[in-house]
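Student: Please model the complete structure; the sequences and the hints are all you need to start from.
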Amino acid sequence: MKGFATRAVYGDSKGKDPYGALRMPVYDGVAFAHEDSASLAQTFAGRKPAYVYTRLANPTVQDFEQRLQSLSGGLAVLALSSGMAAISNTIMTLAEAGTNIVTTKKLFGNTLSLLTKTFEPWGLSVRYVSMLDLCALDRAIDEGTRAVFLESMSNPQLEVADCAKIAAITAKHGVPLVVDNTLLTPYLFDSKKAGVNIEVLSTTKYISGGATSVGGAIIDNGNFDWRCSPKLAGGAERFGSMAFMATLRQEVFRNFGACLAPHNAYLQSLGLETLSLRVDRSCDNALVLARFLAEHPQVAAVNYPGLPEAGSHAVARQQFGARFGGLLTFDLADEEDCHAFMDSLRIIRRATNLNDNKSLILHPWSTIYAEYRPEERLAAGVRPTMLRLSVGIEDGDDLSEDLERGFNHHA
Amino acid sequence: MQLMVNGKAEIVEGDNISVADLLAFKQVESPDMVSVQRNGKIVDRQRYAEQALAEGDEIEFLYFMGGGARR
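If you read the protein sequences in the order shown, they are chains A and B. Each number in this note's numbering corresponds to the 1-based position in the first sequence with 39 added. Each number in this note's numbering corresponds to the 1-based position in the second sequence with 1058 added.
Just so you know, not all the hints are guaranteed correct.
Residues from chain A shown here face chain B by an in silico Cβ test under 7 Å; the list is partial [unchecked claim]: (1) Ser120; (2) Pro269; (3) Lys270; (4) Gly273.
Label pairs and their calculated CB-CB ranges [said to hold, decoys possible]: (5) Lys1099(B) <-> Ala390(A): 51 to 57 Å; (6) Met1062(B) <-> Cys174(A): 56 to 62 Å; (7) Val1070(B) <-> Ala44(A): 54 to 60 Å; (8) Arg412(A) <-> Lys1099(B): 52 to 58 Å; (9) Ser169(A) <-> Gln1085(B): 39 to 45 Å; (10) Glu415(A) <-> Lys1099(B): 48 to 54 Å; (11) Pro64(A) <-> Lys1099(B): 29 to 35 Å; (12) Gly1098(B) <-> Glu410(A): 51 to 57 Å; (13) Ala1107(B) <-> Arg412(A): 57 to 63 Å; (14) Gly137(A) <-> Gly1098(B): 30 to 36 Å; (15) Ala1110(B) <-> Val48(A): 43 to 49 Å; (16) Ala80(A) <-> Gln1060(B): 33 to 39 Å; (17) Ala203(A) <-> Ala1067(B): 49 to 55 Å.
The hints are simulated quantities; they were obtained by calculation from the structure and are not laboratory data. Beta carbons: idealized from backbone N, C-alpha and C, even for Gly.
Tutor: Next up, the structure:
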């Protein structure tokens, strides 16, 4: 099976259900019994591959991991309880107090908060550069750097950095490149092909199939020599290319307990089956709406990487091909206009999620970035006049009509 | 050749058996997810194909999955 959609439907299951069920059942239990004491002891000792406890591994969760592995082409996948769990577990596996992470301020607000408010007080240094300034990135990496982190398309700034060029720099330094690929998913952006080493995802978004459940995933693309990582060098001798995943599973993930619930894994496997259909539709709608907004006299500015006039368009086209995700932002005259506009909409929902089947609108300044001072918000590319629109899979005409309603009512 | 594999005596036919051969013989489905200990020492994964086993070796396959079989 070569095609993405075919692999998404059939997965990569190596076994057969005893009853011939075409869909992996939900093993919605906690513990797995063993025939005898020796079997349990052998499993705990690592001598026998078997399930013992759902926080560590579960058949339904593993089925989802194997499906995602097949779709991404990665070496190994770990599913977690959320996208934030995927990011935090990855950083805790790679870095430690006294080391540093190089990143950008063009990040999802909670990710920025995780780095600055959670990790920095524990002794992790966070260095911020523009990912569009490759020389600055090159200078920021030193012997204490344990990872470079960015988003393949940043939320909500929609900045698109050239991942292949960044990967060349991180490879030169022997530092792993970690990319949050939530807004594109492996369907639109093959992070492995670009040289990214670790991909993290909030599977709550496109993958869950329409905001059915919260989840996250870590994909090791299998293209980093973990002997170069001071923290994982010992594990590399023992586990080779699996050193990152082994440390993650045996230490950080096991001990922090951010496991994906089996029922959520079931929903997300279901979501994977229709991923390409939904992403295509969402992207097509987003491009239509971006053009509509770009021509509207009440719109001060539109940012959508799919528009040829967007600054990110050339890199986005090169990296992602013909589709550019379902997220766009646009600016109105002032903040008051933004709130009035949102309140006039009837189809598009006022909500903080994105890449749902439903179109959702948000005022980032007063919500996902509200915890930051105004100058910090502006530095992160978030303006009081900006609205973020996550475009769903509805009929495009209904969405543009709803936007027009917003303009008519708030004017 | 007689070996002790995960605490059990095993007879493996043939000469010049390597760690990689033993993984294949034991039909380990996901060799990536197992590390191998020979007489108490971890075998470097890069050397699985060239690491020859000897009569009476004690071999441990150690899975890192923390529970969870590859179906």
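Student: If a hint holds in the structure, say so; if it doesn't, say that too.
Tutor: Here is what the structure says about each hint:
1. Ser120: Violated, about 16 Å.
2. Pro269: 19 Å, violated
3. Lys270: Constraint on Lys270(A) not satisfied, violated at 16 Å.
4. Gly273: 10 Å, violated
5. Lys1099(B) <-> Ala390(A): 51 to 57 Å: 56 Å, holds
6. Met1062(B) <-> Cys174(A): 56 to 62 Å: 57 Å, holds
7. Val1070(B) <-> Ala44(A): 54 to 60 Å: 44 Å, violated
8. Arg412(A) <-> Lys1099(B): 52 to 58 Å: Roughly 56 Å apart at Cβ, these two residues keep to the hinted range, so it holds.
9. Ser169(A) <-> Gln1085(B): 39 to 45 Å: For Ser169(A) and Gln1085(B) the Cβ distance comes to about 51 Å; the hint is violated.
10. Glu415(A) <-> Lys1099(B): 48 to 54 Å: Distance hint for Glu415(A), Lys1099(B) holds at roughly 52 Å.
11. Pro64(A) <-> Lys1099(B): 29 to 35 Å: 42 Å, violated
12. Gly1098(B) <-> Glu410(A): 51 to 57 Å: 52 Å, holds
13. Ala1107(B) <-> Arg412(A): 57 to 63 Å: 58 Å, holds
14. Gly137(A) <-> Gly1098(B): 30 to 36 Å: 33 Å, holds
15. Ala1110(B) <-> Val48(A): 43 to 49 Å: 45 Å, holds
16. Ala80(A) <-> Gln1060(B): 33 to 39 Å: Violated: the Cβ-Cβ distance is about 24 Å, outside 33 to 39 Å.
17. Ala203(A) <-> Ala1067(B): 49 to 55 Å: 53 Å, holds
In summary, the numbered hints that this structure violates are 1, 2, 3, 4, 7, 9, 11 and 16.
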